[in-house]
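Listed in order, the protein sequences are those of chains A and B.
According to my numbering, the first sequence is numbered sequentially starting from 1.
According to my numbering, the second sequence is numbered sequentially starting from 1001.
Worth flagging that the hints you see were computed from the coordinates, not collected in a lab.
Nothing here was measured: the structure is a model prediction, and the numbers come from that model.
Quick reminder that beta carbons are idealized off the backbone N, C-alpha and C, glycines included.
Mixed in with the good hints, there may be bad ones.
[Said to hold, decoys possible] To give an idea of the chain A side of the interface with chain B (calculated C-beta under 7 Å), a few residues:
hint, residue
1, T31
2, Q41
3, G42
4, P43
5, L45
6, D56
7, L91
8, S95
9, V100
10, D101
11, T102
12, F105
13, G106
14, P107
15, G108
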Amino acid sequence: EAEVAQSPRYKITEKSQAVAFWCDPISGHATLYWYRQILGQGPELLVQFQDESVVDDSQLPKDRFSAERLKGVDSTLKIQPAELGDSAMYLCASSPPGLVDTQYFGPGTRLTVL
Amino acid sequence: SQQGEEDPQALSIQEGENATMNCSYKTSINNLQWYRQNSGRGLVHLILIRSNEREKHSGRLRVTLDTSKKSSSLLITASRAADTASYFCATDAGNQGGKLIFGQGTELSVKP
Chain A
1 EAEVAQSPRY KITEKSQAVA FWCDPISGHA TLYWYRQILG QGPELLVQFQ
51 DESVVDDSQL PKDRFSAERL KGVDSTLKIQ PAELGDSAMY LCASSPPGLV
101 DTQYFGPGTR LTVL
Chain B
1001 SQQGEEDPQA LSIQEGENAT MNCSYKTSIN NLQWYRQNSG RGLVHLILIR
1051 SNEREKHSGR LRVTLDTSKK SSSLLITASR AADTASYFCA TDAGNQGGKL
1101 IFGQGTELSV KP
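Only chain B is shown next, with the shape it has when bound in the complex (with noise of 0.2 Å):
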């Protein structure tokens, strides 16, 4: 089953505007990833933020983490076609080996 559901499931933008997504899981968790998709292919890895950690950057990704709300969003800013993907949240659930759990997914369409 999966953890988490993200908000909202589409979103579609003009290029240059900000883009901001949600996810909210229900287990405790050691850490949060974010991972980016493009049509048909595989998962790349964008983000990890650690529980102990409430925001982190990277380039023009931002992730904040709310662990008290059990939620987390990830603010894409100056959005570029090229962001055109679907993003995906995923908690490790408080295990230590690896397994992740992934939330449903937002697809983002930037229009040039």
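Just chain A, with the same shape it has in the complex (with noise of 0.2 Å):
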């Protein structure tokens, strides 16, 4: 069965220095997601891609952090510079065209800033 593939899985960094995440969807799938989630609460939208195209980032630090979709498969999600408040999941959905309804997620991301 098809996957979405996050990684690295544990990334541990220091505040101030910049940290990259990668996600794979479900092949076929036009909607992206990335989700940032503190401990103990639920997923909380930081961007989506339609295609290559960003949909929603109203969520997003744009000071500090950048989303891209280049090709429109694959997406990377960067931080820069890291801070200690950005300790958290970073979770990666995607939904097959015409069916946004149901999100298909990832394993995540955990990092951690020191």
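Both chains come to you apart, so use the hints to assemble them.
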């Protein structure tokens, strides 16, 4: 069964450093989402792509976060510089065309900022 | 900001018992979904109920939706130790673009 792939699974970094996370959605899924999940809370959407275009990035802290999906397939989320409060799980999800109701999540990247 | 409140925040039961989790939300919706998350892992979609539906079943799962009260419940019958996980409700907040707004989650522990 096809799955959303994310790497790395775990990342430890020091504050002020740059970090990047990678996501490969299920093949053919046009919609891709990045969520941030702080421990003990539900996921919160950071950015949504439709193919290579950003549909919603209203909750993305644009002074330090950036996201791209250049060819409309895989995507990278970057944080520069990382801050202590960025410690969280970063989840990627994708939806098939015309079925945005259901999202398929990857295993996530656990970020710890020291 | 998060859409909903989930109740209880944590629930501990014995294997074989039923588990009920509740979710309340604030805005009108097109649908409401429930997801499960094992510790440190991604979310798995369990069930979706549309705003014109009142009840839906899937295996040992039963979901109800009361749009007049802006609330939903998830019932897991005959629970198993493997059901131990966090359960989240998510709404689309009435938009068509797929954006989901999640609740805080209920942490379920099923003791063998």
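Evaluated hints:
{"no.": "1", "hint": "T31", "verdict": "holds (6 Å)"}
{"no.": "2", "hint": "Q41", "verdict": "holds (6 Å)"}
{"no.": "3", "hint": "G42", "verdict": "holds (3 Å)"}
{"no.": "4", "hint": "P43", "verdict": "holds (5 Å)"}
{"no.": "5", "hint": "L45", "verdict": "holds (6 Å)"}
{"no.": "6", "hint": "D56", "verdict": "holds (6 Å)"}
{"no.": "7", "hint": "L91", "verdict": "holds (6 Å)"}
{"no.": "8", "hint": "S95", "verdict": "holds (6 Å)"}
{"no.": "9", "hint": "V100", "verdict": "holds (3 Å)"}
{"no.": "10", "hint": "D101", "verdict": "holds (6 Å)"}
{"no.": "11", "hint": "T102", "verdict": "holds (6 Å)"}
{"no.": "12", "hint": "F105", "verdict": "holds (4 Å)"}
{"no.": "13", "hint": "G106", "verdict": "holds (5 Å)"}
{"no.": "14", "hint": "P107", "verdict": "holds (5 Å)"}
{"no.": "15", "hint": "G108", "verdict": "holds (5 Å)"}
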